[in-house]
Amino acid sequence: MSETSFDVAVIGGGAVGTSTLFHLADEYDARGVLFERGQLGEGSTGKAAGGVRNTYTTPVNIEIGNRAIEYFQNFADNVGEDLAFEQTGYMYLYHSREAEIEWRERAQHLHAFDVTTEMHSPEEAARAFPSLDATEIRGAMYAPDCGHVDPHSLTQAFGRAAVDRGAMIHTGTAVTDVVVEDGAVAAVETQAGTYEVDAVLNAAGPWAARVGAMAGVDVPIELLIRRIMVTSTIDQTTGPLVIDPERECYFKVESSGSMLVCDTGQDIHDVGDPDGATDGQVGYDYYLRTTEKVQRLVPALADLEVRNGWSGLQSHTDDGNAIVGPADVDGFYLACGFSGHGVQQAPVVGGAMADLLVAGETDRFDVGKLSLDRFAGGDPVESEGMA
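In the numbering used here, the protein residues as written are 1 to 387.
I should point out that these hints are in silico values taken from the structure, not numbers from a laboratory.
None of these values were measured; they are calculated from a predicted model.
Glycine is no exception: its CB is placed at the ideal position from the N, C-alpha and C atoms.
It is possible that some hints are incorrect.
[To be verified] The calculated lysine to any residue pairs, modelled on SDA-like cross-linking and capped at a C-alpha distance of 25 Å, are:
(1) K293 - V60
(2) K369 - V60
(3) K293 - W103
(4) K47 - V358
(5) K47 - D363
(6) K47 - D145
(7) K47 - Q156
(8) K293 - Q281
(9) K293 - S311
(10) K47 - D279
[Unchecked claim] Between beta-carbon pairs, the in silico distance windows are:
(11) Q39 - Q236: 19 to 27 Å
(12) G172 - Y28: 24 to 32 Å
(13) E105 - E292: 28 to 36 Å
(14) G257 - H109: 20 to 28 Å
(15) L83 - G280: 29 to 37 Å
(16) D366 - D164: 25 to 33 Å
(17) T233 - E124: 58 to 66 Å
Whenever a hint applies, use it, and build me the whole structure from the sequences.
Shown next, in the form of C-alpha coordinates:
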(Lines of atoms letter the chains of each structure in order from A and count residues from 1; the text may use other names and numbers.)
(Lines give C-alpha, C1' and ligand atoms only; values in the text may rest on other atoms or scores of the structure.)
Protein backbone atom coordinates (compact mmCIF):
# COMPACT_ATOMS: atom_id res chain seq x y z
CA MET A 1 0.00 0.00 0.00
CA SER A 2 1.24 3.47 -0.88
CA GLU A 3 1.46 5.50 2.30
CA THR A 4 0.13 8.61 0.56
CA SER A 5 -2.72 7.13 -1.50
CA PHE A 6 -5.87 5.66 0.05
CA ASP A 7 -9.43 4.71 -0.74
CA VAL A 8 -10.83 6.58 2.26
CA ALA A 9 -9.55 9.20 4.68
CA VAL A 10 -11.38 9.36 8.00
CA ILE A 11 -11.06 12.70 9.79
CA GLY A 12 -11.58 12.31 13.52
CA GLY A 13 -10.34 9.64 15.91
CA GLY A 14 -13.33 9.23 18.17
CA ALA A 15 -15.66 6.26 18.49
CA VAL A 16 -17.42 6.85 15.15
CA GLY A 17 -14.24 7.47 13.18
CA THR A 18 -12.40 4.43 14.51
CA SER A 19 -15.48 2.25 14.10
CA THR A 20 -15.74 3.25 10.44
CA LEU A 21 -12.04 2.63 9.88
CA PHE A 22 -12.39 -0.83 11.42
CA HIS A 23 -15.41 -1.77 9.33
CA LEU A 24 -13.72 -0.55 6.15
CA ALA A 25 -10.76 -2.82 6.80
CA ASP A 26 -12.65 -5.76 8.26
CA GLU A 27 -15.55 -6.05 5.84
CA TYR A 28 -14.16 -4.52 2.64
CA ASP A 29 -10.37 -4.74 2.89
CA ALA A 30 -10.43 -1.08 1.88
CA ARG A 31 -7.32 1.07 2.09
CA GLY A 32 -8.22 3.43 4.92
CA VAL A 33 -6.31 6.08 6.83
CA LEU A 34 -7.47 8.06 9.86
CA PHE A 35 -6.22 11.49 10.89
CA GLU A 36 -6.67 12.70 14.46
CA ARG A 37 -5.48 16.14 15.56
CA GLY A 38 -4.79 14.85 19.08
CA GLN A 39 -4.94 11.30 20.39
CA LEU A 40 -7.62 8.67 19.80
CA GLY A 41 -10.68 9.38 21.91
CA GLU A 42 -9.30 12.67 23.17
CA GLY A 43 -12.22 14.81 22.03
CA SER A 44 -15.93 14.40 22.75
CA THR A 45 -15.67 10.61 22.94
CA GLY A 46 -13.28 10.70 25.88
CA LYS A 47 -15.57 13.03 27.83
CA ALA A 48 -18.73 10.97 27.32
CA ALA A 49 -20.49 9.02 30.07
CA GLY A 50 -20.65 5.92 27.84
CA GLY A 51 -24.36 5.21 28.05
CA VAL A 52 -25.88 2.76 25.57
CA ARG A 53 -29.64 2.67 25.02
CA ASN A 54 -32.51 1.89 22.68
CA THR A 55 -35.12 4.03 24.45
CA TYR A 56 -35.43 6.61 21.70
CA THR A 57 -38.62 8.07 20.30
CA THR A 58 -37.85 7.81 16.58
CA PRO A 59 -37.80 4.45 14.72
CA VAL A 60 -34.41 5.01 13.08
CA ASN A 61 -32.71 5.64 16.40
CA ILE A 62 -34.49 2.74 18.08
CA GLU A 63 -33.24 0.47 15.29
CA ILE A 64 -29.70 1.77 15.69
CA GLY A 65 -29.99 1.32 19.47
CA ASN A 66 -31.22 -2.27 19.19
CA ARG A 67 -28.44 -3.15 16.77
CA ALA A 68 -25.83 -1.40 18.94
CA ILE A 69 -26.84 -3.33 22.06
CA GLU A 70 -26.55 -6.60 20.15
CA TYR A 71 -23.17 -5.51 18.78
CA PHE A 72 -21.84 -4.64 22.23
CA GLN A 73 -23.10 -7.94 23.61
CA ASN A 74 -20.99 -9.73 21.00
CA PHE A 75 -18.13 -7.27 20.79
CA ALA A 76 -15.32 -9.82 21.16
CA ASP A 77 -16.75 -11.91 18.32
CA ASN A 78 -17.32 -8.85 16.14
CA VAL A 79 -14.01 -7.09 16.69
CA GLY A 80 -11.64 -9.60 18.25
CA GLU A 81 -11.11 -7.31 21.25
CA ASP A 82 -12.54 -7.51 24.76
CA LEU A 83 -14.86 -4.73 25.91
CA ALA A 84 -16.94 -4.66 29.06
CA PHE A 85 -20.61 -3.90 28.40
CA GLU A 86 -22.42 -3.54 31.71
CA GLN A 87 -26.16 -3.94 31.14
CA THR A 88 -27.38 -2.34 34.34
CA GLY A 89 -30.31 -0.65 32.62
CA TYR A 90 -31.65 2.87 32.25
CA MET A 91 -34.29 4.21 34.63
CA TYR A 92 -36.32 7.34 33.81
CA LEU A 93 -37.97 9.10 36.75
CA TYR A 94 -41.22 11.04 36.64
CA HIS A 95 -43.02 13.17 39.20
CA SER A 96 -46.63 13.71 38.10
CA ARG A 97 -49.67 11.88 36.80
CA GLU A 98 -49.34 13.68 33.48
CA ALA A 99 -45.72 12.56 33.13
CA GLU A 100 -46.68 9.00 34.08
CA ILE A 101 -49.20 8.89 31.25
CA GLU A 102 -46.53 10.10 28.81
CA TRP A 103 -44.01 7.49 29.96
CA ARG A 104 -46.55 4.68 29.77
CA GLU A 105 -47.34 5.74 26.20
CA ARG A 106 -43.63 5.82 25.43
CA ALA A 107 -43.24 2.31 26.86
CA GLN A 108 -46.02 1.05 24.59
CA HIS A 109 -44.35 2.74 21.62
CA LEU A 110 -41.03 1.08 22.47
CA HIS A 111 -42.63 -2.35 22.85
CA ALA A 112 -43.69 -2.12 19.19
CA PHE A 113 -39.98 -2.06 18.34
CA ASP A 114 -39.06 -4.97 20.64
CA VAL A 115 -37.64 -2.74 23.39
CA THR A 116 -38.16 -4.22 26.84
CA THR A 117 -39.43 -1.80 29.48
CA GLU A 118 -40.93 -2.07 32.95
CA MET A 119 -43.01 0.50 34.80
CA HIS A 120 -41.76 0.84 38.38
CA SER A 121 -43.52 2.13 41.45
CA PRO A 122 -41.44 4.44 43.68
CA GLU A 123 -40.62 1.47 45.92
CA GLU A 124 -39.53 -0.68 42.97
CA ALA A 125 -37.39 2.17 41.65
CA ALA A 126 -35.70 2.47 45.03
CA ARG A 127 -34.98 -1.27 45.06
CA ALA A 128 -33.29 -0.90 41.68
CA PHE A 129 -31.27 2.09 42.93
CA PRO A 130 -31.17 1.75 46.74
CA SER A 131 -29.81 5.25 47.41
CA LEU A 132 -32.84 6.84 45.72
CA ASP A 133 -35.39 8.62 47.91
CA ALA A 134 -38.67 7.03 46.80
CA THR A 135 -40.74 9.83 48.29
CA GLU A 136 -39.36 12.24 45.66
CA ILE A 137 -40.89 10.49 42.65
CA ARG A 138 -44.20 9.16 41.37
CA GLY A 139 -42.59 6.29 39.48
CA ALA A 140 -40.13 5.30 36.77
CA MET A 141 -39.75 3.54 33.45
CA TYR A 142 -36.96 0.97 33.52
CA ALA A 143 -35.22 -0.40 30.41
CA PRO A 144 -33.11 -3.41 31.47
CA ASP A 145 -31.25 -3.97 28.18
CA CYS A 146 -29.51 -0.60 28.28
CA GLY A 147 -26.13 -0.12 29.89
CA HIS A 148 -22.76 1.50 29.42
CA VAL A 149 -19.28 1.00 27.99
CA ASP A 150 -16.00 2.77 28.57
CA PRO A 151 -15.62 5.21 25.64
CA HIS A 152 -11.82 5.22 25.76
CA SER A 153 -11.62 1.42 25.73
CA LEU A 154 -14.12 1.29 22.86
CA THR A 155 -12.13 3.71 20.73
CA GLN A 156 -8.82 2.02 21.43
CA ALA A 157 -10.31 -1.40 20.61
CA PHE A 158 -11.62 -0.24 17.25
CA GLY A 159 -8.35 1.51 16.50
CA ARG A 160 -6.18 -1.51 17.32
CA ALA A 161 -8.42 -3.86 15.36
CA ALA A 162 -8.38 -1.56 12.33
CA VAL A 163 -4.58 -1.33 12.33
CA ASP A 164 -4.33 -5.12 12.75
CA ARG A 165 -6.33 -5.40 9.52
CA GLY A 166 -4.08 -3.05 7.58
CA ALA A 167 -5.51 0.42 8.21
CA MET A 168 -3.30 3.36 9.13
CA ILE A 169 -3.81 5.88 11.92
CA HIS A 170 -1.99 9.21 12.20
CA THR A 171 -2.48 10.85 15.61
CA GLY A 172 -1.22 14.33 16.35
CA THR A 173 -1.94 15.13 12.71
CA ALA A 174 -4.48 17.81 11.92
CA VAL A 175 -6.12 18.01 8.51
CA THR A 176 -5.59 21.50 7.11
CA ASP A 177 -7.59 21.24 3.88
CA VAL A 178 -9.79 18.97 1.80
CA VAL A 179 -8.90 19.30 -1.86
CA VAL A 180 -11.92 19.29 -4.19
CA GLU A 181 -11.45 19.14 -7.96
CA ASP A 182 -14.32 19.26 -10.45
CA GLY A 183 -16.85 18.79 -7.66
CA ALA A 184 -15.19 15.70 -6.19
CA VAL A 185 -12.80 14.96 -3.36
CA ALA A 186 -9.23 14.49 -4.61
CA ALA A 187 -6.95 14.72 -1.57
CA VAL A 188 -6.53 15.85 2.01
CA GLU A 189 -3.77 18.13 3.15
CA THR A 190 -2.39 17.56 6.64
CA GLN A 191 0.41 18.77 8.85
CA ALA A 192 2.34 15.71 7.67
CA GLY A 193 1.76 16.17 3.96
CA THR A 194 -0.80 15.58 1.20
CA TYR A 195 -2.69 12.30 0.77
CA GLU A 196 -4.58 11.34 -2.39
CA VAL A 197 -7.95 9.80 -1.52
CA ASP A 198 -11.12 8.72 -3.26
CA ALA A 199 -13.40 9.66 -0.38
CA VAL A 200 -13.39 11.51 2.93
CA LEU A 201 -15.46 10.84 6.03
CA ASN A 202 -15.96 13.88 8.24
CA ALA A 203 -16.21 12.38 11.74
CA ALA A 204 -14.55 15.33 13.41
CA GLY A 205 -17.11 15.88 16.17
CA PRO A 206 -17.03 19.51 17.38
CA TRP A 207 -14.67 20.35 14.52
CA ALA A 208 -17.01 18.90 11.86
CA ALA A 209 -18.24 22.32 10.70
CA ARG A 210 -14.64 23.46 10.23
CA VAL A 211 -13.78 20.33 8.23
CA GLY A 212 -16.95 20.68 6.19
CA ALA A 213 -16.02 24.23 5.25
CA MET A 214 -12.74 22.94 3.82
CA ALA A 215 -14.79 21.03 1.25
CA GLY A 216 -17.36 23.78 0.77
CA VAL A 217 -20.02 21.92 2.77
CA ASP A 218 -22.11 23.66 5.43
CA VAL A 219 -22.49 21.40 8.46
CA PRO A 220 -25.36 22.73 10.64
CA ILE A 221 -24.23 21.86 14.15
CA GLU A 222 -24.13 23.87 17.34
CA LEU A 223 -21.78 23.17 20.23
CA LEU A 224 -22.52 22.90 23.90
CA ILE A 225 -20.41 22.10 26.92
CA ARG A 226 -21.62 19.35 29.25
CA ARG A 227 -20.01 18.81 32.63
CA ILE A 228 -19.72 15.77 34.88
CA MET A 229 -18.59 15.27 38.46
CA VAL A 230 -17.40 12.10 40.19
CA THR A 231 -17.74 11.61 43.94
CA SER A 232 -16.20 9.50 46.64
CA THR A 233 -17.70 6.05 47.13
CA ILE A 234 -21.34 5.60 48.06
CA ASP A 235 -22.80 2.66 50.01
CA GLN A 236 -24.17 1.04 46.85
CA THR A 237 -22.41 -1.33 44.48
CA THR A 238 -24.51 -1.20 41.32
CA GLY A 239 -27.67 0.15 39.75
CA PRO A 240 -29.06 1.58 36.52
CA LEU A 241 -28.24 4.90 34.97
CA VAL A 242 -30.95 7.12 36.47
CA ILE A 243 -32.31 10.00 34.39
CA ASP A 244 -34.66 12.71 35.62
CA PRO A 245 -35.77 14.63 32.51
CA GLU A 246 -37.89 17.09 34.52
CA ARG A 247 -35.03 18.08 36.82
CA GLU A 248 -32.47 17.84 34.03
CA CYS A 249 -29.94 15.51 35.58
CA TYR A 250 -28.65 11.95 35.48
CA PHE A 251 -26.43 9.81 37.66
CA LYS A 252 -25.07 6.31 38.07
CA VAL A 253 -22.82 4.31 40.38
CA GLU A 254 -19.47 3.40 38.85
CA SER A 255 -17.86 -0.01 39.33
CA SER A 256 -15.50 1.68 41.79
CA GLY A 257 -18.44 2.71 43.97
CA SER A 258 -18.15 6.39 43.04
CA MET A 259 -21.14 8.30 41.72
CA LEU A 260 -21.00 9.92 38.31
CA VAL A 261 -23.38 12.89 38.29
CA CYS A 262 -24.39 15.26 35.50
CA ASP A 263 -26.59 18.35 35.70
CA THR A 264 -27.69 18.97 32.12
CA GLY A 265 -29.52 22.07 33.28
CA GLN A 266 -26.10 23.69 33.60
CA ASP A 267 -25.01 22.92 30.03
CA ILE A 268 -23.27 25.87 28.38
CA HIS A 269 -24.85 26.64 25.01
CA ASP A 270 -23.86 28.67 21.96
CA VAL A 271 -20.20 27.72 22.11
CA GLY A 272 -18.26 29.16 19.20
CA ASP A 273 -14.69 28.06 18.59
CA PRO A 274 -14.17 24.49 19.89
CA ASP A 275 -10.46 25.06 20.49
CA GLY A 276 -9.94 25.49 24.23
CA ALA A 277 -13.67 25.94 24.84
CA THR A 278 -13.80 23.57 27.82
CA ASP A 279 -10.82 25.03 29.67
CA GLY A 280 -11.75 26.06 33.22
CA GLN A 281 -15.45 25.26 32.74
CA VAL A 282 -15.89 22.85 35.64
CA GLY A 283 -15.33 23.82 39.25
CA TYR A 284 -16.84 24.67 42.64
CA ASP A 285 -19.97 26.47 41.41
CA TYR A 286 -20.95 23.58 39.19
CA TYR A 287 -20.30 21.01 41.93
CA LEU A 288 -22.31 23.00 44.48
CA ARG A 289 -25.37 23.51 42.28
CA THR A 290 -25.33 19.94 41.03
CA THR A 291 -25.12 18.54 44.54
CA GLU A 292 -27.95 20.76 45.75
CA LYS A 293 -30.19 19.54 42.93
CA VAL A 294 -29.39 15.82 42.91
CA GLN A 295 -29.26 15.30 46.69
CA ARG A 296 -33.04 15.69 46.73
CA LEU A 297 -33.13 12.39 44.84
CA VAL A 298 -30.05 10.84 46.47
CA PRO A 299 -29.72 12.27 49.99
CA ALA A 300 -26.40 10.45 50.56
CA LEU A 301 -24.81 12.69 47.94
CA ALA A 302 -24.66 15.49 50.51
CA ASP A 303 -22.09 13.53 52.51
CA LEU A 304 -19.85 12.57 49.58
CA GLU A 305 -16.75 14.40 48.41
CA VAL A 306 -16.12 15.50 44.85
CA ARG A 307 -13.08 13.59 43.64
CA ASN A 308 -13.00 14.45 39.96
CA GLY A 309 -14.79 16.37 37.26
CA TRP A 310 -14.52 17.27 33.60
CA SER A 311 -16.24 19.11 30.80
CA GLY A 312 -16.67 18.05 27.19
CA LEU A 313 -18.05 19.37 23.95
CA GLN A 314 -21.13 17.95 22.28
CA SER A 315 -22.20 18.66 18.70
CA HIS A 316 -25.96 19.14 18.40
CA THR A 317 -28.29 19.54 15.44
CA ASP A 318 -31.62 21.37 15.43
CA ASP A 319 -33.57 18.12 15.79
CA GLY A 320 -31.13 16.40 18.17
CA ASN A 321 -30.18 13.67 15.70
CA ALA A 322 -27.00 12.80 13.83
CA ILE A 323 -26.06 13.77 10.29
CA VAL A 324 -25.11 10.60 8.42
CA GLY A 325 -24.39 10.07 4.73
CA PRO A 326 -23.07 11.84 1.64
CA ALA A 327 -22.86 15.58 1.03
CA ASP A 328 -23.25 17.42 -2.27
CA VAL A 329 -19.51 17.16 -2.94
CA ASP A 330 -18.80 13.80 -4.57
CA GLY A 331 -16.82 11.58 -2.23
CA PHE A 332 -17.41 13.72 0.89
CA TYR A 333 -19.39 12.00 3.66
CA LEU A 334 -20.62 13.02 7.09
CA ALA A 335 -20.99 11.22 10.40
CA CYS A 336 -21.34 13.99 12.93
CA GLY A 337 -23.78 16.04 15.01
CA PHE A 338 -24.67 13.04 17.17
CA SER A 339 -26.09 15.26 19.92
CA GLY A 340 -24.58 13.15 22.69
CA HIS A 341 -25.30 9.75 21.10
CA GLY A 342 -22.04 9.16 19.21
CA VAL A 343 -20.41 6.58 21.45
CA GLN A 344 -23.48 4.37 21.71
CA GLN A 345 -24.31 4.57 18.00
CA ALA A 346 -20.70 4.19 16.80
CA PRO A 347 -20.66 0.43 16.01
CA VAL A 348 -23.76 0.57 13.83
CA VAL A 349 -23.09 3.93 12.19
CA GLY A 350 -19.48 2.94 11.53
CA GLY A 351 -20.64 -0.17 9.70
CA ALA A 352 -23.19 1.80 7.70
CA MET A 353 -20.59 4.41 6.74
CA ALA A 354 -18.23 1.70 5.52
CA ASP A 355 -21.06 0.32 3.37
CA LEU A 356 -21.80 3.76 1.90
CA LEU A 357 -18.16 4.60 1.29
CA VAL A 358 -17.44 1.37 -0.58
CA ALA A 359 -20.73 -0.07 -1.84
CA GLY A 360 -22.79 3.10 -2.03
CA GLU A 361 -25.68 1.69 0.00
CA THR A 362 -26.46 0.07 3.33
CA ASP A 363 -29.28 -1.93 4.88
CA ARG A 364 -28.20 -1.49 8.52
CA PHE A 365 -30.72 1.32 9.00
CA ASP A 366 -32.49 3.99 6.97
CA VAL A 367 -29.65 6.49 6.55
CA GLY A 368 -31.93 8.73 4.53
CA LYS A 369 -33.71 9.70 7.74
CA LEU A 370 -30.45 11.20 9.03
CA SER A 371 -29.26 12.84 5.82
CA LEU A 372 -27.92 16.36 5.60
CA ASP A 373 -30.65 17.14 3.07
CA ARG A 374 -33.36 16.99 5.73
CA PHE A 375 -32.37 20.45 6.98
CA ALA A 376 -32.44 22.08 3.56
CA GLY A 377 -35.77 20.41 2.83
CA GLY A 378 -37.37 21.40 6.11
CA ASP A 379 -37.95 17.77 7.08
CA PRO A 380 -36.16 17.30 10.41
CA VAL A 381 -36.39 14.11 12.43
CA GLU A 382 -38.43 14.30 15.63
CA SER A 383 -36.26 15.71 18.41
CA GLU A 384 -34.89 13.17 20.87
CA GLY A 385 -34.43 15.55 23.80
CA MET A 386 -31.96 15.14 26.67
CA ALA A 387 -32.59 11.48 27.47
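Status of each hint after checking the structure:
1. At most 25 Å may separate the alpha-carbon atoms for a hinted pair to count; K293 and V60 exceed this at roughly 33 Å.
2. As the CA atoms of K369 and V60 are separated by approximately 7 Å, the hinted pair is consistent with the 25 Å bound.
3. For the hint pairing K293 with W103, the CA-to-CA distance comes to about 22 Å; that is within 25 Å, so the pair holds.
4. Our distance criterion of 25 Å between C-alpha atoms is broken by K47 and V358, whose separation comes to about 31 Å.
5. Using a Cα cut-off of 25 Å, the hinted pair K47 and D363 is violated, with the two alpha carbons roughly 31 Å apart.
6. With a CA separation close to 23 Å, the supplied pair K47 and D145 stays within the 25 Å bound.
7. Straight-line distance between C-alpha atoms of K47 and Q156 comes to about 14 Å, which keeps the hinted pair within the 25 Å bound.
8. For the hint pairing K293 with Q281, the CA-to-CA distance comes to about 19 Å; that is within 25 Å, so the pair holds.
9. Distance restraint check for K293 and S311: the Cα-Cα separation of roughly 18 Å lies within the 25 Å cut-off, and the hinted pair is therefore satisfied.
10. For a cut-off of 25 Å, the pair hint linking K47 to D279 stands: about 13 Å separates their Cα positions.
11. Look at Q39 against Q236: about 33 Å separates their beta carbons, and that is not inside 19 to 27 Å.
12. In this structure, G172 and Y28 meet the distance hint of 24 to 32 Å, their C-beta atoms being roughly 27 Å apart.
13. At about 32 Å, the CB distance of E105 to E292 agrees with the hint of 28 to 36 Å.
14. Range check, G257 to H109: about 35 Å between beta-carbon atoms, so the 20 to 28 Å window is missed.
15. Between L83 and G280 the CB atoms are about 33 Å apart, so this pair conforms to the stated range of 29 to 37 Å.
16. D366 and D164 have their C-beta atoms about 32 Å apart, which keeps the hinted 25 to 33 Å range intact.
17. Look at T233 against E124: about 25 Å separates their beta carbons, and that is not inside 58 to 66 Å.
Of the hints listed earlier, those the structure fails to meet are numbers 1, 4, 5, 11, 14 and 17, in rising order.
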